[in-house]
Structures are given as structure tokens and as C-alpha cells.
Amino acid sequence: MKKPSASVRERVLPALTSLKPYLFLLPAILLIGFWSYKPLAETLRYSFYKWGMVPGTTPEYVGLKNFLRLFGNKDFWPSLRNTGFYLVGMLPFSVIIPLLLAVATENTSGRARRIYRGLLFVPMMIAPVAVTTIFQWLLHPGNGIINYVLKGIGLTRDYIAFFSDAQFARWAILFISGWKMIGFSTLMFSAALTGIDTQYYDAGKLDGAGRIRQFFDLTIPLVSPTIMLMIMMSILFSSQWTFAYIDVLTRGGPFSTTTNVYYLMYKFGFSDMNVGLSAAASVLFFFLFGGMAILLQALSKRLSFYDR
Numbered sequence: 001m002k003k004p005s006a007s008v009r010e011r012v013l014p015a016l017t018s019l020k021p022y023l024f025l026l027p028a029i030l031l032i033g034f035w036s037y038k039p040l041a042e043t044l045r046y047s048f049y050k051w052g053m054v055p056g057t058t059p060e061y062v063g064l065k066n067f068l069r070l071f072g073n074k075d076f077w078p079s080l081r082n083t084g085f086y087l088v089g090m091l092p093f094s095v096i097i098p099l100l101l102a103v104a105t106e107n108t109s110g111r112a113r114r115i116y117r118g119l120l121f122v123p124m125m126i127a128p129v130a131v132t133t134i135f136q137w138l139l140h141p142g143n144g145i146i147n148y149v150l151k152g153i154g155l156t157r158d159y160i161a162f163f164s165d166a167q168f169a170r171w172a173i174l175f176i177s178g179w180k181m182i183g184f185s186t187l188m189f190s191a192a193l194t195g196i197d198t199q200y201y202d203a204g205k206l207d208g209a210g211r212i213r214q215f216f217d218l219t220i221p222l223v224s225p226t227i228m229l230m231i232m233m234s235i236l237f238s239s240q241w242t243f244a245y246i247d248v249l250t251r252g253g254p255f256s257t258t259t260n261v262y263y264l265m266y267k268f269g270f271s272d273m274n275v276g277l278s279a280a281a282s283v284l285f286f287f288l289f290g291g292m293a294i295l296l297q298a299l300s301k302r303l304s305f306y307d308r
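Read left to right, the sequence shown gives residues 1 to 308 (this note's numbering).
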């Protein structure tokens, strides 16, 4: 068999070498395409169809009717307001409180600091179903310890049904979700504080800056990339973080006061068996949150400070 000439080898081998990185990436690209982009394309397609997932039935093309029905749905606007409520309400739990906790534990000894941060991270490791069980017991309207304490110190006269009272249900979901999120955010801020050069604080002390001034003039600017990251995560994923607690504790009630956009999509698809409406809601919020992500990325580039 005739061997390829040297000129052919010189042309082919560099080409194959240049393809090598892409061959290593190919399995990951195929998996991402199959598990992420294919479902996304299918969701976009089904948003224009009416289908109830009944075996043997064929999806019926309805154009933009699913989107029009979505805007006219009685639960759509309450879910949008509740999503905004969770979005804003999660910011203290994911940014402000964790940053203060990270700063407070930064100057403790190495072993104590690890213990404190480990204890703060424990809620993040607990499964959401276990968390809901714990809070169902703590906030039980009849024999819950929270009701017992509130009544004992005279703040309430009657026991409060936290998950069935429209006045308290949304706040209860927010508090549970925020409590679980604090540990992760504290760990992120602690890592950011560890990477700060101590020379900045030494220079601040020489200039007569106290701890409060150092916090605002040094700590916040130096951890601003992490602050922007946690703000972005909180805004984009707050509805996803609250979904499990809404599903188990309130089922979106009472009177849709705790429903958010994720639970609304789940309800359309698996309770009402309306794939088209669920897909239309998914597409709408995909573009909405995508636009917010682009805006937050632009803000992060402008507001974040990097010392290197």
C-alpha cells in the first residue's frame, strides 16, 4: 500500500491536531445539546400548540393563542407580583446578612472560624423536603413552638396558621427560603474576604480609618464582584429556590398569594395538563430573565472593582 507523501502529511496532521481540543469537548457539547438545548427548542415549539399529553392525541397548532390565554389567566398577574416579592425579599438573605456574618467571623481564630462557617452552611445541606417538615412542626397552628413563644410573650392572642393565612403565608415561604440560602452566600463572601490583600487594611489603619469606615471604603469595593454575583443569582434563581417550599407547604395558596412563575408553569403542565400554556409561560419568562441577566452582566462590569 502506497504511503501518503510528506506534503500530504504536513497538511493533514496540523489539521487533525487543531481538531483535538474540540474532540475532547464533543461529549460535553453533545450532552448539553441533548439535555438543555433540545428541550428548549421543544418548549419553544410547543408554545404554539394545544396539547394535553394524552396518549394517541396530536398537538393542535394554535399560533399565539397560548400567550393571549396566559395574559388573561387569573393566576398570572398574582404570580408575577409574588415573583417580584420573592426577588426583592431574598436580597437581604443572600447579600446583606451573609456579608455581615462573613465580616463578623473573618477575624476569629482559624478553628472557631471554620466551626462558625460550618454551622452556617448546615441549612444548605439539608434536603428541601426535610426543611419543610421541620418548619411545618415549628410553625404548626396548634402546637408549633413559634406560636407557643409568640403567645407566651404576648405578641399574639390566638395561634397563627402561617401557611393558610394569606397575610403570613408569603412571608413564611420567604423566611424559609432565605434561612436556607444564608449559609451558601456566607461561604461565598468568606472566600472573597480571604482573597483580599491585608495591606489595604493596614494602610487604612495608618490613615485612622475605623472598622466601620474600613467596611464601607475597603471591604465593599473589594468584594463588589462577589456582591454582584450574589445579587445576580438571587434575582435569577429566587423563584426556583422557593418552588419546593411552595409546592409542599402551600400549593400556591391561599388564594394564589404564594404562587410564583415556576410553580405556575408546573401547575399548567402537570395539574391542568396544558402543555401549550406551560410552554408559553416558560418561553415568556425565559426571555424576561434572559434580558435581566444581560442587564445585570452589564451592571456588574460597570460596578465591580478588581484590584488586579
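Hints may be right or wrong, so weigh each one.
Below are the SDA-like pairs computed for lysine to any residue, each with C-alpha atoms no more than 25 Å apart in a straight line [what the hints assert, rightly or not]: (1) Lys-205 x Leu-101; (2) Lys-65 x Leu-44; (3) Lys-74 x Lys-205; (4) Lys-205 x Gly-33; (5) Lys-74 x Lys-301; (6) Lys-65 x Val-88; (7) Lys-301 x Leu-193; (8) Lys-74 x Gly-210.
Now the in silico label distances, taken between C-beta atoms and shown as ranges [unchecked claim]: (9) Gly-210 x Ala-161: 43 to 49 Å; (10) Thr-57 x Phe-121: 31 to 37 Å; (11) Gly-84 x Arg-45: 50 to 56 Å; (12) Ile-126 x Thr-57: 37 to 43 Å; (13) Phe-34 x Tyr-159: 49 to 55 Å; (14) Trp-179 x Leu-64: 17 to 23 Å; (15) Leu-26 x Ser-164: 40 to 46 Å.
Don't read these hints as lab results, they were simulated from the structure.
Positions of the beta carbon are idealized from the N, C-alpha and C atoms, including for glycine.
Practice task
Identify every previously stated hint that the structure contradicts and give their numbers, smallest first.
Solution key: 3, 4, 5, 6, 8, 10, 11, 14, 15
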